[in-house]
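Student: Take a look at the letters that make up each chain.
Protein chains: 4
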Amino acid sequence: MDSFPTSLLSGYRNFMSGRYADERERYRSLAESGQSPSTLVIACCDSRAAPEIIFDAGPGELFVIRNVANMVPPYEPDGNFHATSAALEFAVQSLKVSDIVVMGHGRCGGIRAALDPNAEPLSPGDFIGRWMGLLKPAAEQIQSNDIMTPVERQTALERISIRNSLNNLRSFPEIKALEGEGKLQLHGAWFDISTGELWIMDPATRDFIRPDV
Amino acid sequence: MDSFPTSLLSGYRNFMSGRYADERERYRSLAESGQSPSTLVIACCDSRAAPEIIFDAGPGELFVIRNVANMVPPYEPDGNFHATSAALEFAVQSLKVSDIVVMGHGRCGGIRAALDPNAEPLSPGDFIGRWMGLLKPAAEQIQSNDIMTPVERQTALERISIRNSLNNLRSFPEIKALEGEGKLQLHGAWFDISTGELWIMDPATRDFIRPDV
Amino acid sequence: MDSFPTSLLSGYRNFMSGRYADERERYRSLAESGQSPSTLVIACCDSRAAPEIIFDAGPGELFVIRNVANMVPPYEPDGNFHATSAALEFAVQSLKVSDIVVMGHGRCGGIRAALDPNAEPLSPGDFIGRWMGLLKPAAEQIQSNDIMTPVERQTALERISIRNSLNNLRSFPEIKALEGEGKLQLHGAWFDISTGELWIMDPATRDFIRPDV
Amino acid sequence: MDSFPTSLLSGYRNFMSGRYADERERYRSLAESGQSPSTLVIACCDSRAAPEIIFDAGPGELFVIRNVANMVPPYEPDGNFHATSAALEFAVQSLKVSDIVVMGHGRCGGIRAALDPNAEPLSPGDFIGRWMGLLKPAAEQIQSNDIMTPVERQTALERISIRNSLNNLRSFPEIKALEGEGKLQLHGAWFDISTGELWIMDPATRDFIRPDV
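Each protein sequence line maps, in turn, to chains A, B, C and D.
Letter by letter, the first sequence follows residues 1 to 213 in the numbering used here.
Letter by letter, the second sequence follows residues 1 to 213 in the numbering used here.
Letter by letter, the third sequence follows residues 1 to 213 in the numbering used here.
Letter by letter, the fourth sequence follows residues 1 to 213 in the numbering used here.
Treat the hints as calculated values from the structure; they're not laboratory data.
Given the structure is predicted, the values throughout are model-derived calculations rather than measurements.
Wrong hints could be hidden among the right ones.
[As the list claims (entries may be wrong)] DSSO-like mimics (lysine-lysine), calculated; alpha carbons at most 30 Å apart, straight line:
#	chain 1	residue 1	chain 2	residue 2
1	C	LYS96	D	LYS183
2	B	LYS96	B	LYS176
3	A	LYS183	A	LYS96
4	D	LYS183	D	LYS96
5	C	LYS176	C	LYS96
6	B	LYS136	B	LYS176
7	C	LYS136	D	LYS136
8	A	LYS136	A	LYS176
9	C	LYS176	C	LYS136
10	B	LYS136	A	LYS136
11	B	LYS183	B	LYS96
12	C	LYS183	C	LYS96
13	A	LYS176	A	LYS96
14	B	LYS136	A	LYS96
15	B	LYS136	C	LYS183
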């Protein structure tokens, strides 16, 4: 018990005396009635880009998947364990969310690794290498582009990755069908850690644009 | 653009005028220097249990994996895509976190599905069924216990799942080695949505205990 | 006389100069008119869980049975001596209590003995072994669950024992009938010695829940 | 939950804000280290005679058996369920108490029933009739004494019952042996509900005497 990180315990005390105290009834009601979030956010694990902070979301509002580089693998009903596909299935089929937001962000370590031609496996299992392999064709194409700066390449792949995830979402038959019926909407967003700006993908052009704030 | 969920846009405006305004320098500095969180939290996607809220964490503090039922699969260096193992590898090998917290919570929908003997696949891919299969032996043992109430069985499996994830973390050779060297500590925690209480796993007995607040 | 425990004599003097002095009229009146408690509490002998202390009860309020692990045996009108059934009969038929509370508690030594697969008889009579045999089927089912911790198994059986006692109460024809007529209500409660918390059994789900305090 | 007696809930709140708040550390310490009471009290279920109140006892001080008329049956190692013998065995063999106090009291309903020549069974099981049968020879002898008043007969049998319980305690081989070795002492006491007086049995004469207060 003594080993539990003290910063987390201290933060938890703030939560209990602050936010929880303010929203006690909401938490209780959410516990009783169950969650019914209308939005699924697929975000990165990055410590600087928590969806609940960026969207100032209260309890019960966002169902959140977080993996490295906010990626969605393509539909692969092969019987293996699929953390992301399982969460996706749960959000869409069981919770029946109406919106899915894929949110990327600047200075993403996973994207940086994908773009590094000299990247070594981080461990013999090379899990990051395999995982970022989902972006391999795009990464190779961007890597070979030597007239963009490294920062531009990075931002470009971050946004490509978001569109890639949106494409992969549509490889799931149920998601494609629900979107076709107008019951589900897919969105892209990109968060600039430095400026705090949120760029939203225009569904028509697939460009990222800053909304008026 | 008009389709982007208005509640998220509205929340984002609160963030910009509130938290971001207050912490502008911190965000900028984190963007420049990169993230160096000391803690990885493996949490559930549930909309009522966001780690940053529960630990009142600021930007840069928590690297967060979120999947259904906060699970860690066993070490499987098989070349497939492993969202969780990839994020884990990144946190441990690249970011060199000093602590990993597996945080479960009450009323978890994934655990409920694992305990439902009549659960049907949510979709033909049955991703949730496969994913929760990680807990199958434990779930079957708990299911057969007809003298605990459904709620007691649910809580029991939620806590067993946390211990299971901790066991699986130790199946990763690098994690086991770092823990052995005293460079990495593994923790379990369970959040009660209704009361806001955080129960922390005693590393010696593996019981969950409420810390003094 | 000199042998009477001095701590008890000293405590008795406190009672006389304190509580008795304050409630002299109540004691006298209760002596004259006889007792008419509305509640029977079936509690454990444990020195840390006295019902009058936990419910801050005054004289005349609680009729109290205390045996190891707050158990009620099933209805057995066999002509033998039955301490618990006799007290039960007196409370229900003669005092006509309106409520029966079965109160268990954490860290119960009787429950611990019931869960110990290597428990030896405490004496040749093996009275505890026989008495805890009332819980034998449940204890065996919980014992075989090796994925809950010893503390979790103990808490589970403590609560199962309360439900078991409530079931056995309903095996007494008079109690079953009075409950059916709405003249008698049965309740379960579990006291946490460490935190002082009282968990109350929800009659619908049979789960134990902390009331708002 | 709504059905739980409100007077008990209200009393529990007093306990939490009062006694528990004052003795929090003691409760915690007792939970950690386990109970080690030095005294077993065998008392009546009567709502007016709670040992913890009369001896002003704190948590952890008294291990308490309560049955109708504070009786101890004779040693009967017959394999049946024996609530009182089981608790006795636990207190003596496991907790190794140094003192056993049998505490009777005035106006005891069980004793009154034992003395009533016209007493009808309270229910077809006649559990009280059987239980008070433990005192049958003594009760018959007192009943036939028509020169004592009913109150005198009642008080007499109350005290006889205490001595009877002490005799039966000595029918347990382990208790007899421990007493012989000076490791266990047996005491009798009788509480006068009306005056609050505690009468203590002189071990030499077996008379009940009021100690100086």
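Student: Indicate, hint by hint, whether the structure satisfies it.
Tutor: Each hint, compared with the structure:
1. Under the criterion of a C-alpha separation no larger than 30 Å, the hint pairing LYS96(C) with LYS183(D) is inconsistent with the structure, at around 42 Å.
2. Under the criterion of a C-alpha separation no larger than 30 Å, the hint pairing LYS96(B) with LYS176(B) is consistent with the structure, at around 14 Å.
3. At roughly 9 Å between alpha-carbon atoms, LYS183(A) and LYS96(A) fall within 30 Å of each other, so this suggested pair holds.
4. Our distance criterion of 30 Å between C-alpha atoms is met by LYS183(D) and LYS96(D), whose separation comes to about 9 Å.
5. This hinted pair checks out: LYS176(C) and LYS96(C) have alpha carbons roughly 14 Å apart, not beyond 30 Å.
6. Simply put, LYS136(B) and LYS176(B) have alpha-carbon atoms about 24 Å apart, close enough for the 30 Å limit, and the pair holds.
7. Taken as a hint, the LYS136(C) and LYS136(D) pair is broken in the structure, with Cα atoms around 34 Å apart against an allowance of 30 Å.
8. Distance hint between LYS136(A) and LYS176(A) is fulfilled; the C-alpha atoms sit about 24 Å from each other, no more than 30 Å.
9. The suggested pairing of LYS176(C) with LYS136(C) holds, with an alpha-carbon distance near 24 Å, which does not exceed 30 Å.
10. Pair hint LYS136(B) plus LYS136(A) does not hold up; C-alpha atoms about 34 Å apart against a cutoff of 30 Å.
11. The hinted pair formed by LYS183(B) and LYS96(B) meets the criterion: a straight-line CA distance of about 9 Å does not exceed 30 Å.
12. Annotation: proposed proximity of LYS183(C) to LYS96(C) holds, straight-line Cα distance about 9 Å (limit 30 Å).
13. For the suggested pair LYS176(A) and LYS96(A), the alpha carbons sit about 14 Å apart, so the restraint of at most 30 Å is met.
14. Taken as a hint, the LYS136(B) and LYS96(A) pair is honoured in the structure, with Cα atoms around 25 Å apart against an allowance of 30 Å.
15. Between the alpha carbons of LYS136(B) and LYS183(C) the distance comes to roughly 46 Å, so the proposed pair goes past 30 Å and is violated.
This entry does not satisfy hints 1, 7, 10 and 15, going by the numbered hints stated previously.
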